[in-house]
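Using the sequences provided together with the hints, build the complete structure.
Residue strings, one per chain:
There are 2 protein chains.
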Amino acid sequence: MDIKKTYSISELAKEFDVTTRSIRFYEDQELLKPTRRGQTRIFSSKDRVRLKLILRGKRMGFSLAETKELFDLWDETLSGNEKQLLKMLTILDNKRAQLEQQKNDIAQAEMEMDTAEARCREALAELQKKKKQQAPANDEARQTAEHK
Amino acid sequence: MDIKKTYSISELAKEFDVTTRSIRFYEDQELLKPTRRGQTRIFSSKDRVRLKLILRGKRMGFSLAETKELFDLWDETLSGNEKQLLKMLTILDNKRAQLEQQKNDIAQAEMEMDTAEARCREALAELQKKKKQQAPANDEARQTAEHK
DNA sequence: AAACTACTTTACGTTTACGTAAACTTTATC
DNA sequence: GATAAAGTTTACGTAAACGTAAAGTAGTTT
Chain A
12 MDIKKTYSIS ELAKEFDVTT RSIRFYEDQE LLKPTRRGQT RIFSSKDRVR LKLILRGKRM
72 GFSLAETKEL FDLWDETLSG NEKQLLKMLT ILDNKRAQLE QQKNDIAQAE MEMDTAEARC
132 REALAELQKK KKQQAPANDE ARQTAEHK
Chain B
12 MDIKKTYSIS ELAKEFDVTT RSIRFYEDQE LLKPTRRGQT RIFSSKDRVR LKLILRGKRM
72 GFSLAETKEL FDLWDETLSG NEKQLLKMLT ILDNKRAQLE QQKNDIAQAE MEMDTAEARC
132 REALAELQKK KKQQAPANDE ARQTAEHK
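Top line first, the protein sequences correspond to chains A and B. Converting from the first sequence to my numbering requires adding 11 to each position, the first position being numbered 1. Converting from the second sequence to my numbering requires adding 11 to each position, the first position being numbered 1.
Bear in mind the hints are in silico, worked out from the structure with no lab data behind them. For every residue, glycine included, the Cβ atom is placed at its ideal position computed from N, Cα and C. Mixed in with the good hints there might be a few duds.
[Said to hold, decoys possible] Capping the alpha-carbon separation at 20 angstroms, the derived lysine to any residue pairs in SDA-like fashion look like this: (1) B/Lys114 <-> A/Gly72; (2) A/Lys98 <-> B/Lys114; (3) B/Lys114 <-> B/Thr126.
[What the hints assert, rightly or not] According to the in silico footprint, chain B covers these stretches of chain A (three or more CB under 8 angstroms from chain B): (4) 60–71; (5) 97–103; (6) 111–121; (7) 132–145.
[Claimed, not checked] Each pair of labels, with its calculated beta carbon distance range: (8) B/Lys69 <-> A/Asp28: 20 to 26 angstroms; (9) B/Met124 <-> A/Ser33: 23 to 29 angstroms; (10) B/Lys69 <-> A/Lys25: 48 to 54 angstroms; (11) B/Glu93 <-> A/Glu22: 23 to 29 angstroms.
Okay, structure coming up:
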């Protein structure tokens, strides 16, 4: 099965490079549900997975509220009556559409970065040409001097 | 050349489905630099392009500050001394890495959505089976009745 | 001229996602 | 058993990205 271990707050903080403050905040917002041994939190591997999902969601521009919605929905879905299951399927469809949009955005951005890079390189080439015109002699000396 | 028109604030707001408040805010943050005729703002097609970039950036999870940084850097780059050009090239590299990360995140998300969907469909199939067991006779009548 | 529409500035309010102390308890180590 | 290390709660602070009046101006329609 799963790695079936439990985790302390600082273990998770270190593994995913977030502060303990953030983790506690996620619990406060009910995105994580650690149990307790006395006062201290004990995180399950399910919590660990969820933390990973939270962070990925953030990188993808999802708010914590959105992510929580998905978690809650998935939990309901598991206790699955038919209506919930169908609802989940349509939501999955919507999310897929969102991902498509993001892929388009990324593709666009990549293209624009290509042309931006090209312009940079052209401009650099121009500068090089002018330099040579200004100092046509003594070429080798200058080039090595630049690398000091 | 470019479409070389100018735009009013409400034109842009309508086209991109944002509030005028947002557009003014972007100006306030110096992401847009409309000129004025009297009091009223006049946006150039460059502003229009930038607004489009701002919104795409947001969808990709970029903050306004990050986007502004890119704008500023690109402006500096155009007035291009060599150092700026080289700096821009390395920044482009970094952004590319970011995009790669996002593509990975999206791919992961898609895979997980695939398995989530599969589980949903399995669970649905299970429910259907149980229904049939509960009411094995009268099958056709029930199935059509469900679609009322 | 009155009313309407679009636009403006000023400014305070709100939500999100934490940061940052302060003061305290529990657990591990010497 | 003292002390450090890690964890806890409480609570106030903050930056980002606008929302939402409030009150005024400028041009346009009737």
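Hint-by-hint comparison with the structure:
As the CA atoms of B/Lys114 and A/Gly72 are separated by approximately 13 angstroms, the hinted pair is consistent with the 20 angstroms bound. Note on A/Lys98 and B/Lys114: the hinted pairing is violated, with a Cα-Cα distance of about 27 angstroms set against a maximum of 20 angstroms. About 19 angstroms separates the Cα atoms of B/Lys114 and B/Thr126, which keeps this hinted pair within 20 angstroms; it holds. Coverage of the segment 60–71 of chain A by chain B holds [criterion: at least 3 residues with CB-CB distance below 8 angstroms; count 4].
Beta-carbon proximity to chain B at under 8 angstroms applies to 4 residues in the segment 97–103 of chain A; the threshold of 3 is reached and the given coverage holds. Taking a C-beta to C-beta cut-off of 8 angstroms, the segment 111–121 of chain A contributes 8 residues in contact with chain B, enough for the three needed, and the coverage statement holds. Under the rule that three or more residues need a Cβ within less than 8 angstroms of chain B, the assignment of the segment 132–145 of chain A holds, with 4 such residues. For B/Lys69 and A/Asp28, the hinted distance range of 20 to 26 angstroms is satisfied, since their beta carbons lie about 24 angstroms from each other.
Taking 23 to 29 angstroms as the suggested C-beta distance range, the pair B/Met124 and A/Ser33 conforms, at roughly 25 angstroms. Take B/Lys69 and A/Lys25: their Cβ atoms lie about 31 angstroms apart, and the range 48 to 54 angstroms is violated. For the hinted restraint 23 to 29 angstroms between B/Glu93 and A/Glu22, the CB-CB distance of approximately 47 angstroms leaves it violated.
In summary, the structure is inconsistent with hints 2, 10, 11 from the numbered list given earlier, while agreeing with the others.
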